Amino acid sequence: MAGEAVFRQEFPVKGGDFAKAGAVACRIKDLLKELGLDTPVVRRAAIASYEAEMNVIMYAWEGRVKLAVSPSEVRITVDDKGPGIPDVDLAMTEGYSTATAEMRELGFGAGMGLPNIRKNADAFRIDSRVGRGTHLEITIHANGHKS
Amino acid sequence: MKEKKHYHAIHITKDKCIGCVHCMAVCPTKAIRVKDGKAQIIDEHCIDCGECLRFCPHDAVHSHTTSFAALDAFAYKVAIPSTVIYGQFGSASLPNEILSALRRVGFDEVYDPSAICELNTAAIEEYLNEHLQPRPFITSTCPVVVRLIQRRYPALCGQILPIEPPREIAAKILRTILPRALNLPPEKIGIIHLTPCPAKMVSINSPATLEKSYLDGAISSRDIFPQVLNALKKSQDDALMRHLFPETLFSGIGMGWSLSGGETRGFKNLRAVAVSGVTDTMRVLDQVEEGLLQDIDLLECTVCPDGCVGGPLQVENRFLAKSRILQLVDAAGDRAVVDHKDVSRLYHKNFLSFDHPVTPAEMFPLDSDPAKAILKAQRREKIFGKLPRKDCGACGAPDCWTLADDIVRGMAHLADCPFPKKEKR
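Taken in order, these protein sequences are the chains called S and X.
Count the first sequence with the working numbering and you get residues 1296 to 1442, in order.
Count the second sequence with the working numbering and you get residues 748 to 1172, in order.
Chain S extracted, bound-state conformation:
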């Protein structure tokens, strides 16, 4: 990204705000379309940012989604203040979920969130500290061919 033009924007996300679920992902995907990124790149960024946004809404108290777009890549960084994830490897397992019965009733919490983010990203980093919060870094190459 160094030396290139970068478009940056930050979006606050409130924990428990299910009524706004998907609003940030929607803004991100509209922006990426306007910036002229290829359809598959936009779709992957939309899916990854939706999952990341939902993780904040479902589990954290508050968070920020930061978008940085350059001609070569899309980077989505999410920082939340929340309970953190005690066992990140376990949380990355498809189907593993700590969602409550209420969340599942709403159709959330299938345990696909983090694995789905990794699947749609070209690079993915996660740091979590119990009792403090979680940091995600999602990178998608603008001309990537990941299926």
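Everything labelled a hint here was simulated from the structure, so no lab data went into it.
No experiment lies behind these values; they were computed from the predicted model shown.
Below, in silico cross-link-like pairs of lysine-lysine (PhoX-like), each with a Cα-Cα straight-line distance of 25 Å or less:
#1 X/K777 to X/K1129
#2 S/K1328 to X/K1119
#3 X/K1133 to S/K1361
#4 X/K777 to S/K1315
#5 X/K1133 to X/K777
#6 X/K782 to X/K1137
#7 S/K1328 to X/K1129
#8 X/K785 to X/K763
#9 S/K1328 to X/K777
Here the structure of chain S is known, so what remains is to put chain X in place on it, guided by the hints.
Same frame as chain S, but now just chain X:
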């Protein structure tokens, strides 16, 4: 303005337009601007949904549908009405009477659409059972939804279920059999759809999935209403006979097709979700684009409220029309009039399929050069920060954000905003 590239059914009558902002405010794709005191439609963004037509208080938005006089070009005139028509004439008029009234107003033959709707449901069910991915599939019945996906949700083009809607299937069947049966050259036979929807003209004149539409035109429910009403009055004496000797057996599965959820009512083991209204349709398509709803087999989207029964060109208010159609659905029950084995044979001959898949429309990023697009996006944020965020429309754009967007695209100027711009408080 650029020369129009796309065919549209929705147009603005300049003489009647007073340049108010009603149409611009309701346009779901922000395709309208008011310039020089008149509303203008941006060709590339318009999806022909008809919201502007519904809301214009000055009757300045009109739709191009086929005129009754245009039928004179054909030696044999066939009507394929939408099932919406059964809800237009109150509860005293039975479907058979309505079909025969249509014959009286000048059609040589009129076909009941409910059977073809049932056929379509069966074909969709078969397609879904044969194709387990992707999910959800989206129905193609509403031409506006197809155009919306092409323009705003290009990633979902491949999720449009590639079976033609009933109006095209009906016309294709008749195109195949009528020339032989009547011993007439095909071009002498006019096959006309009767519809409350202006966008059907778009799907006929520039089809998204066919080389050429099988229909010759579409007459608006509004235009044909007075004649049919008149014919119904004249044939009141015959009504009892027609009740006793119905010519057509209606499909209970197809009868409710024009109501939201009607397309999927006949499904047995599939999960379908029906969405209606343009705002809700866009909300759900956003979710599908974000990877949701993958546990749903079929998404039925219609941009008119309550389904086609809420079409902008219908006459009866949609609540009464809906109530009437529900009565008819109840009366017909689960009666099936189509043999699924026959549908399966047609389906496997690809008779019901699209000629080609839906392809994305041209996209309009801020700039074709990604680096310049990023700079323009940055500039747009700065400009937006200077605007009052009242979304009053006085500048000629529907809201402040769109004005900022228009400015960086070179279509407007900051000075278009009539509010004095205060520098940083």
